[in-house]
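Chemist: Protein sequences, first through last, are from chains L, P, E and B.
Just so you know, we're using the working numbering here: the first sequence kicks off at 1 and counts up by one.
Just so you know, we're using the working numbering here: the second sequence kicks off at 124 and counts up by one.
Just so you know, we're using the working numbering here: the third sequence kicks off at 446 and counts up by one.
Just so you know, we're using the working numbering here: the fourth sequence kicks off at 551 and counts up by one.
A couple of the hints might just be wrong.
To be verified - One-sided and incomplete, this derived list gives chain P residues near chain B with beta-carbon spacing under 10 Å:
{"hint": "1", "residue": "Thr170"}
{"hint": "2", "residue": "Ala204"}
{"hint": "3", "residue": "Val207"}
{"hint": "4", "residue": "Ala213"}
{"hint": "5", "residue": "Met219"}
{"hint": "6", "residue": "Asn234"}
{"hint": "7", "residue": "Asn235"}
{"hint": "8", "residue": "Asp261"}
{"hint": "9", "residue": "Lys375"}
{"hint": "10", "residue": "Ser378"}
{"hint": "11", "residue": "Phe394"}
Stated by the list, open to error - Quick look at which bits of chain L chain P covers, simulated, 3 or more residues with Cβ under 8 Å:
{"hint": "12", "segment": "27-40"}
{"hint": "13", "segment": "94-105"}
What the hints assert, rightly or not - Which bits of chain B does chain L cover? Going by a derived footprint, with three or more residues having C-beta under 8 Å, they are:
{"hint": "14", "segment": "696-703"}
{"hint": "15", "segment": "715-723"}
Bear in mind the hints are in silico, worked out from the structure with no lab data behind them.
Glycine is no exception: its CB is placed at the ideal position from the N, C-alpha and C atoms.
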Amino acid sequence: MGNLFANYGEAVAMILFVIGFANLLLHKNLIKKIIGLNIMDSAIYLFLAQKGYIAGRGVPIVTDGVQSVEAYINPIPSGLVLTGIVVSVSVSALMLSLTIRLYRRYHTLDLDEISTLLKKEGV
Amino acid sequence: MSKLKSREEYEKTGSFRFWRWLDGRRDPYVGQVEMKPQTPVETPELTIRERLRDSQAVRDKVYDIENNKSLNFFHRVYVLAAIVYCVGLAVILLAMVAYLPPTGEADRPVNNEVSARYIESGLQETGAVNIVTGMILDYRAFDTFGESNVLFAATTTVLILLHRKKKNQDGRVEELENDRLLEPKRDAILQGSATVLVPIIILFGIYVILNGHLSPGGGFSGGAVIGAGLILYLSAFGFERAEKLFTEKLYKTVSFAALTTYCLAKSYSFFTGANHLESHIPLGTPGAILSSGLIFVLNICVGMVVACTMYTFYVMFRKGDF
Amino acid sequence: MTVFQCVLFGFLIVCAVSVSFSKNLLNSVLIYMSFSLVMSIVWVTLQSPDLAITEAAVGAGITSLLFFATLKKIHAINTRREQEKKDVFQGLNEKNVGEEVSRRE
Amino acid sequence: MEFIRNFPFFSIMLSMFGGIVSPVLPERAAKWVNRAIITVVGALSLALLLYLLETGESYVYMMGHFPAPWGNEIRAGVLEAGMALFFCIIMLLSMLGGAHKLLTEVAAEKQNLYYILVNLLLSSLLALVYTNDIFTAYVFVEINTITACGLIMIRETGRTIEAAVRYMIMSLLGSGLLLLGLCVLYDLTGHLLMSNMREQVAYLAANDLYAMPLLVTIGLISSGLAIKSALFPFHAWLPDAYGYSTASSAAMLSSLVSKGYIFLLVKLIYRVYGFEVFHDSHIVNVLFVFGLMGMIFGSLSAIRENDIRRMVAFSSVAQIGYIFMGIGMGTQVAMVAGVFHILSHAATKSLLFISAAGLTDVSGGSRRFEDLTGAGYRDPWAGAAFTAGALSMVGVPLFSGFISKLLFAQAAVQNSGKMLPALIVLGISTILNAVYFMKTVIRLYTRVGAAEKSGRQFAGRKLYVAALIGFMILNVVLGVNSQPIVDMIGQGLGMFA
């Protein structure tokens, strides 16, 4: 259990992940679900970015021609997170447009209500 | 008495206006700057009623407890299971974090020969001063190509969902979905600040894109900034002006051109790399704007795609066509 | 730095929790917006300015704009007039919705 | 390097380029470009497969100028090439078979967009099959999810949009878990390429370092991919998504999208964890149990269903249960059976969806069983195809389903611990399968009143029949000529290690 306090940032990321996950799973309202999704993704990126962080080292942009490992943090996680952010923004745009369409048709955002409606329509 | 001006003449001078303004007798900005009261856009009473009634009808049906016992039961089980799952997940994940290597220290598995090479010879091999950009656009370019395809796929799905037909027989539906009727008209503060801000924002976006290999940022962030600038322009000046600037054809041309360039450039680079051929792309002097070979071109392509995509998302959400 | 980071992390958690407990959708979107903004500061403290720029432009900028456009479409941002009408209608509801509506039309 | 080794790279780039070009093409051109690309990619994969069978060893292909731990790689072996070929065949047949429904069910101005999505789906599937890098795999998993969502909701009815929302929510939960697992794994190993990760994982496992996080990553990754491929308790989105989308979408979703995820899981098991490490964790047992439950409950739901498309969809839940049972049994033989079942289920399920579309067409568009009575006479080809698919699902000899059940049974017998539950559930599930599929087939061939005019003519009818025949041939080939294919799968899995 020794590293839990040293890894407090990662612990925070995990808590955020679970909060977002629970929002996505439990909330009835679609908008809240989407916010939960975004929080969940941000949490994963936070977790990943801390993997690259090394205390006392600088931004991975070559300054003054110094090219030693001791000068910069690990650039890989930053690159991965950059890719990930794009993915999550595309996914949330898609989810939001689905929300609009769903609302236009059923005038509600509650998935349970919609599925009951569908059952009653008997399509 | 010839020095004295007549009252009419005096009223035309600047000092008169200044003193009058100072006295507060007349505020020159009255009626010029403040938001004019919008012509109230009436959602027809009937539609509001219909909407409310529809949602009420839905609720009546759904919360009909007697007929919905099974649903109720299912719902309770689902919520209980979900809560148990989440709590379990939290405990497991926190326990796992306790066993992970400590953050912020240098001797962790992540800091191995891979990142060392990116840092130590990234500048020579890719020509990019910003190591992150060099990594995502050269060492691991396939990911980034996939990422721009994610954006492309997302735009396609958003177009499927929200793009309306040009001609709609049912006029009422059209009005409801299209909120160009609701947009603010002639808001002087918004327009004035937009006139100043939009060029600056777009210039900043272009700067971020062009300096992607030298400073923080790159195609994606710069493109998002340009997209935000375009959205501000749209919100300030209304759809009619924005439509002159940005059409469906422009969107298609730009995204097609950018993605094709991206695809061809990367294919060339992958092909030569895998077959151990010389790529013949000069890397230039590190630190100059025109350096780092393909990365510069790719950043511009990504920037254009992202700017178009972001603007398209917003326009589709607001009114459903370009 | 550690104290500063702890404060930011605390803020993130508070934001994330309050999103799920806020009643109003507009509020939760605004809270999410501030979540993103704080996140971009966290990126700066983690020495990743690339991420900070991107997060600020995308998370706090574009995504929130899309959220607002959606809220407008699903009538979650009520204009005052609409709210009044809704209140009137709710009043009707308490009596008997179906009859009232059918009588009026 | 021989030129033929470029083929995986060409296939991925070609299909992506197809997606990029499609928006600016006219509709007919987009359709033909799409078909041509699928055919060409299939041909390339066939050539690659033959080449690899000849040389008998796999190779890695650098994506860029940088070698192994630094650059990005794809990897081609017998199993990958075979999968790519098979996916292309299924996709081509599904597109041909569903072409006439596409015209009626998708708005005219949105058909171009459909072809974009199909091209991108193909590219993402190919990338999932060939990739040697876990983060690339994640990015393409997301493309797969988004395009699959597009395929579901392109037929814009309330049902499909609701199904798409449910699908997206489930998928995103899965993606979240998957990505978290991959991140932790990256933290433990420090590499993103599968080959390098494998060495590190073996080192960690041998020295008993980070045992607990490693176990958690196995759990996260397998549960994420299981959620995405609709394993039993997470299948709520599936019936609506498969049941109401347009015919070719349903065929591709059931046979390709979920199979892509499962293939990725198999690949991660072999290429990242190594079979032994994965087997020593107890996650396999969880997968096994959920697989068994899926086999039973999927079939039970299918029996209660009164809608032919939804019934076939529920049967998918049961079949995915079979595959996870194979993975969960934790032996090499069972794994081969599982991978073979991926092929056999893909071939059969898309056949069933395409033929069900034809059957409902001749029954006035209704999917209820009452209205389908006698549909086998009204559209003989669709009836015959449905019957063939049903026989294969039940596991009648000569068809592919029989071989996979045989392989599962063999694998179960060799595994002493899990023999009894596996065999019992296999038996029960086969009986249940027989009940609902035979019920349907008998209904299709029950005469009602005077025999109606058979074989309604419509534009694209020939294409439709050709696709059905193609699927039936594929099924029978898998059923009759199974030994070389099973050997090939064994060889391919061997190459993974």
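Chemist: What are the numbers of the hints the structure violates, in ascending order?
Modeler: 1, 3, 4, 12
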